[in-house]
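Could you put together the complete structure from these sequences and hints?
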Amino acid sequence: MVKRVGILGAGHTVFAERRDDVRLEELVFEAASAALADAGIVRADLGTVVMAGADQLDGRSISSMMTAGPAGAYLKDEIRTTTEGSYAAILACLRILSGEYDTALAITWSKTSESPYDLISSLSYDPFYLRPLAFNDVVESAIVSSTYRNLTPQLAEAAAAVVVKNRGNGSLNPRAFLRERTSREAILVSPYVAYPIRSAELPRSCDGAVALVLASEERTLSSDRPPVWIQGFGWGTSDYGYKGETAAGLAGLRAAAASAYAMAGVTRPESEIDFAELSDATPFDELLAYEALGLVSQGTGANFALEGGSAPGGSCPVNISGGAQSTNLRFAAGMMRILETYLQLGHRAGPIQLAAPRQGLAHGATSYPAQGHALFVLRNY
Amino acid sequence: MPVKTAIVGVGQTDYRFKRTDVTIQELAVEASLKALEHAGMTMEDIDAFVIGIAPDALLGINAVDRWIGEALGVTPRPLLRVNTGGTTGAAAAQAGYAHVASGMARRVLVVAADKVSESPDAQWVLNTAMDPIYERSVALNAINMCSFQAVRQMDHYKVTERQLASVAVRSRKHAQLNPHAHLRAPISLDDVLSSRYVCWPLKLLDCCPRSSGACAVIMAAEPVVRANHSRAAWIRGMGATSNTIYMGDKMGPGRDVDHADWDELAMAAARAYQQAGITDPIRQIDVAEIYAPFTCTEIAAVEALGFAKKGTGGLMSEQGMFDMNGALPVNPSGGVLSANPISATALARVAEAALQVMGDAGARQVPGAHQAVATGIGGTLQFHTCMVLASDT
Amino acid sequence: MGQDERLDAPLIHSGEWKIHYDYAVGETATRFFLHLRDEGKIAGKKCPSCKAVLVPPRAYCERCFVKTEEWVDVGPEGTIEAFTIVYEPFDGLPPPPYVVAYVTLDGATTAMANFVTGLDLSVPEVAARELAVGKRVEAVFSDEREGMITDFHYRLK
Chain A
1 MVKRVGILGA GHTVFAERRD DVRLEELVFE AASAALADAG IVRADLGTVV
51 MAGADQLDGR SISSMMTAGP AGAYLKDEIR TTTEGSYAAI LACLRILSGE
101 YDTALAITWS KTSESPYDLI SSLSYDPFYL RPLAFNDVVE SAIVSSTYRN
151 LTPQLAEAAA AVVVKNRGNG SLNPRAFLRE RTSREAILVS PYVAYPIRSA
201 ELPRSCDGAV ALVLASEERT LSSDRPPVWI QGFGWGTSDY GYKGETAAGL
251 AGLRAAAASA YAMAGVTRPE SEIDFAELSD ATPFDELLAY EALGLVSQGT
301 GANFALEGGS APGGSCPVNI SGGAQSTNLR FAAGMMRILE TYLQLGHRAG
351 PIQLAAPRQG LAHGATSYPA QGHALFVLRN Y
Chain B
382 MPVKTAIVGV GQTDYRFKRT DVTIQELAVE ASLKALEHAG MTMEDIDAFV
432 IGIAPDALLG INAVDRWIGE ALGVTPRPLL RVNTGGTTGA AAAQAGYAHV
482 ASGMARRVLV VAADKVSESP DAQWVLNTAM DPIYERSVAL NAINMCSFQA
532 VRQMDHYKVT ERQLASVAVR SRKHAQLNPH AHLRAPISLD DVLSSRYVCW
582 PLKLLDCCPR SSGACAVIMA AEPVVRANHS RAAWIRGMGA TSNTIYMGDK
632 MGPGRDVDHA DWDELAMAAA RAYQQAGITD PIRQIDVAEI YAPFTCTEIA
682 AVEALGFAKK GTGGLMSEQG MFDMNGALPV NPSGGVLSAN PISATALARV
732 AEAALQVMGD AGARQVPGAH QAVATGIGGT LQFHTCMVLA SDT
Chain C
775 MGQDERLDAP LIHSGEWKIH YDYAVGETAT RFFLHLRDEG KIAGKKCPSC
825 KAVLVPPRAY CERCFVKTEE WVDVGPEGTI EAFTIVYEPF DGLPPPPYVV
875 AYVTLDGATT AMANFVTGLD LSVPEVAARE LAVGKRVEAV FSDEREGMIT
925 DFHYRLK
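So the sequences go chain by chain: A, B and C.
With this note's numbering, letter number 91 in the first sequence gets 91, and the count goes up by one each step, no holes.
With this note's numbering, letter number 224 in the second sequence gets 605, and the count goes up by one each step, no holes.
With this note's numbering, letter number 96 in the third sequence gets 870, and the count goes up by one each step, no holes.
If you're looking for bench data, these hints aren't it; they were derived computationally from the structure.
Any given hint could be a false lead.
[Claimed, not checked] Here are the simulated DSSO-like cross-link-like pairs (lysine-lysine), alpha carbons at most 27 Å apart as the crow flies:
id	chain 1	residue 1	chain 2	residue 2
1	C	LYS931	B	LYS539
2	B	LYS691	C	LYS792
3	C	LYS931	C	LYS909
4	C	LYS792	B	LYS399
5	C	LYS815	C	LYS909
6	C	LYS820	C	LYS841
7	C	LYS841	B	LYS539
8	C	LYS825	C	LYS815
9	A	LYS3	B	LYS385
[Claimed, not checked] Example chain B residues on the side facing chain C (calculated, C-beta under 8 Å, incomplete):
id	residue
10	GLY441
11	ASP502
12	VAL532
13	VAL579
[Claimed, not checked] Chain C stretches covered by chain A per the calculated footprint, using a threshold of three residues with CB under 8 Å from any CB of chain A:
id	segment
14	785-793
15	797-808
16	833-840
Cβ coordinates follow ideal geometry from the N, Cα and C atoms, glycine included.
Below, the structure written as structure tokens:
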């Protein structure tokens with residue numbers, strides 16, 4: 001019987017288009033110290049530090065060499081994944097559930113104002129087959145999205161609706177980077193970056209870092225604050241390059257959901273999940289996820305968005321925080337989804353607080369190729 | 382209670398300077414298939430994958446684990462990449478352990494691979510791991526950071542260049558027993574002492590080679606092991622300790638740890654030993670696989686592991702304590718001085734330790750080895766890992 | 775496809791990474807570099823908890839996990855803690871031979887790396903004796919300073 005992991009606290013930095021006032025390491029310190037303070041523990045009491053960082057984006061060939069200290073790992077146990085921000089939480093959960101450590105700081109960061117994101121994305125493709133074909137993150141995302149488009153003619157409208165919804169949500173969230181609404185018209189007149197993805201559907205990125213303090217079930221129950229649990233989690237991997245995976249696919253996310261739901265005992269996600277924070281690097285990602293996560297039935301994701309099902313007040317509000325459309329932390333976006341879900345369930349989300357949420361989803365996704373998906377079921381009971 | 386976890390399969394390619402006959406994908410698959418064969422499994426049996434790759438820049442592909450995952454047929458299963466510099470392979474093994482011990486997976490493949498020959502000079506890449514603001518432009522790299530250690534050992538403990546050389550001579554002698562080793566030609570003390578200075582006081586033969594190759598291990602949960610495997614390397618203890626990147630913080634008057642020493646490894650080992658019930662390491666440990674890319678680093682490691690008092694590791698090496706027939710054989714594989722496929726190097730230490738306690742180490746087998754220790758080192762001698770493996774739980 | 779002797783020389787596709795970064799130095803290091811450039815002085819930051827004077831300055835103390843506030847001038851003289859003489863050429867790094875040393879500047883708790891100049895490096899053993907741990911050096915500042923760590927180097931006293 002696998003136990004569950006609790007969240008003791010969370011912290012994040014100020015988000016800005018450029019954080020030139022701090023070097024990367026100082027950004028990491030800002031989030032780590034905020035999380036420890038929020039959790040009410042001091043560094044000396046911390047069991048392990050689990051980091052997620054990406055060397056090429058960080059401009060440091062083994063960036064954890066520099067960030068281990070400011071993340072709190074001085075003379076402590078520490079490990080680093082490079083998969084995606086939220087995978088730090090996966091690895092931290094594994095380490096706590098294996099009984100190795102009672103508490104873990106999971107931390108990730110993204111300071112892409114210093115690096116050329118699109119170029120680095122293209123370098124992720126193998127040098128023989130795909131890199132010569134000008135593949136990058138957006139191009140592959142567009143190819144996958146195009147398969148969905150064939151299935152549902154109203155997709156362009158639904159994608160615009162997702163962006164309008166998330167940016168509207170973000171306008172009310174004091175933590176968000178972009179706090180300005182946008183309109184359907186502004187999106188639908190913006191030029192295509194890679195058909196069917198339009199420029200206004202790709203959010204401006206920002207600099208920032210996010211950290212969570214995770215703990216064993218016993219340690220969490222000894223905390224003064226009402227507990228919020230990672231009741232289930234899972235992670236999976238989709239195909240490398242486009243191999244005919246249609247919108248109905250998202251094999252990696254489906255596998256992640258199967259694991260997370262089984263662990264949390266979720267059998268009917270469409271009714272048991274009160275809200276979700278999903279990867280929305282493009283609005284198509286969010287639409288695809290509705291279906292892969294079983295929040296709606298196959299082929300109805302676009303309608304769900306157009307009818308307001310994922311809007312505030314809908315049957316399953318999605319990205320009530322504004323999502324990555326409002327706070328595009330690139331590599332660290334998935335961890336931000338966990339943080340916002342955690343704050344909702346702890347009734348600490350501020351002006352965007354939902355009335356009585358009990359169970360929510362947080363989803364992190366790597367960039368392409370071979371998109372990795374991490375899914376967390378959080379609950380407060 | 383954690384699920385008891387063991388290594389049940391090990392696969393290593395030969396370590397060579399170049400492997401132009403294969404891509405990095407094919408190299409990782411080559412080691413993985415060997416590990417599956419050793420474990421009597423197929424890729425379909427694997428629940429989750431951990432890939433250990435150190436800097437992508439050495440391979441010229443960003444997030445190269447995604448491409449390697451394709452070749453392993455990962456989809457839609459879990460894949461997580463670990464990168465902690467030199468310790469990458471050992472950290473990947475610790476992550477693999479967490480997958481099984483947590484109960485989240487029953488069979489995990491941990492694989493690490495490198496083709497260091499595809500980038501012209503690793504030291505340039507490793508320079509870009511240093512602080513871009515304070516330290517990169519003073520030409521720090523992975524060799525001179527060890528020179529700083531050697532200089533302080535010579536100052537604090539009167540370690541001699543001859544003691545350093547004894548480590549290299551023994552490593553090459555052992556490498557002759559290991560068909561996977563990259564450098565297998567025997568060398569003499571005079572060969573080492575007369576080789577040219579690279580970064581004083583380290584000479585060419587004090588330094589590891591640059592290698593290409595891959596290593597894979599398969600970990601399984603106790604019920605799987607009991608049902609299917611007659612022998613296994615049980616993970617009985619582990620620890621990891623990180624320190625600051627700034628070597629200068631380990632030198633001034635206010636230091637907690639001296640750059641000459643590996644007190645961080647001693648801390649990691651203390652945890653691993655405590656979990657494994659080791660109180661007398663020389664007596665209770667039969668063989669050690671130490672990640673020592675330069676001769677001076679092995680001296681620091683044997684002291685940190687409790688095999689020699691601080692300041693005497695060099696002397697003990699010179700006197701033969703760590704030879705195959707010595708009191709505590711160190712690096713029967715030939716160690717890192719005989720093969721250094723960077724991403725895979727620390728996993729190879731775990732793999733070799735596992736082979737020893739499984740009794741599958743061939744000509745380099747330490748007779749009757751029951752308990753082994755494997756270590757990892759990374760960053761500016763700042764990341765340390767330790768794992769204890771044994772033939773029973 | 776059977777035996778093919780062309781496989782004796784498998785194809786190599788060349789590639790090159792050229793990634794430009796704009797490293798934000800941050801306010802703490804900016805102040806250090808401007809002090810170095812404009813006043814020709816080296817400053818560290820003091821941890822309010824353990825009182826360590828961190829050189830080069832850090833905005834936080836990794837050990838105590840608190841922000842540092844107080845600035846302290848250190849040096850210009852100091853003591854060699856470790857050094858190496860590089861004799862091997864490496865891609866992208868300076869032509870050898872050259873000396874890199876860690877020096878604890880007077881008043882600092884930690885050592886800082888830089889080049890040591892002004893030595894004859896032609897015989898390694900002779901040069902190494904000149905550079906022993908514990909030897910005194912001083913920081914020598916360039917006339918044309920750009921606000922970089924290489925605006926100064928060490929020289930034996």
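Verification of the hints:
{"no.": "1", "hint": "LYS931/C <-> LYS539/B", "result": "holds (25 Å)"}
{"no.": "2", "hint": "LYS691/B <-> LYS792/C", "result": "violated (45 Å)"}
{"no.": "3", "hint": "LYS931/C <-> LYS909/C", "result": "holds (8 Å)"}
{"no.": "4", "hint": "LYS792/C <-> LYS399/B", "result": "holds (24 Å)"}
{"no.": "5", "hint": "LYS815/C <-> LYS909/C", "result": "holds (21 Å)"}
{"no.": "6", "hint": "LYS820/C <-> LYS841/C", "result": "holds (9 Å)"}
{"no.": "7", "hint": "LYS841/C <-> LYS539/B", "result": "violated (39 Å)"}
{"no.": "8", "hint": "LYS825/C <-> LYS815/C", "result": "holds (21 Å)"}
{"no.": "9", "hint": "LYS3/A <-> LYS385/B", "result": "holds (16 Å)"}
{"no.": "10", "hint": "GLY441", "result": "holds (6 Å)"}
{"no.": "11", "hint": "ASP502", "result": "holds (4 Å)"}
{"no.": "12", "hint": "VAL532", "result": "holds (5 Å)"}
{"no.": "13", "hint": "VAL579", "result": "holds (4 Å)"}
{"no.": "14", "hint": "785-793", "result": "holds (count 4)"}
{"no.": "15", "hint": "797-808", "result": "holds (count 7)"}
{"no.": "16", "hint": "833-840", "result": "holds (count 5)"}
Checked against the numbered hints above, the structure violates hints 2, 7; every other hint is satisfied.
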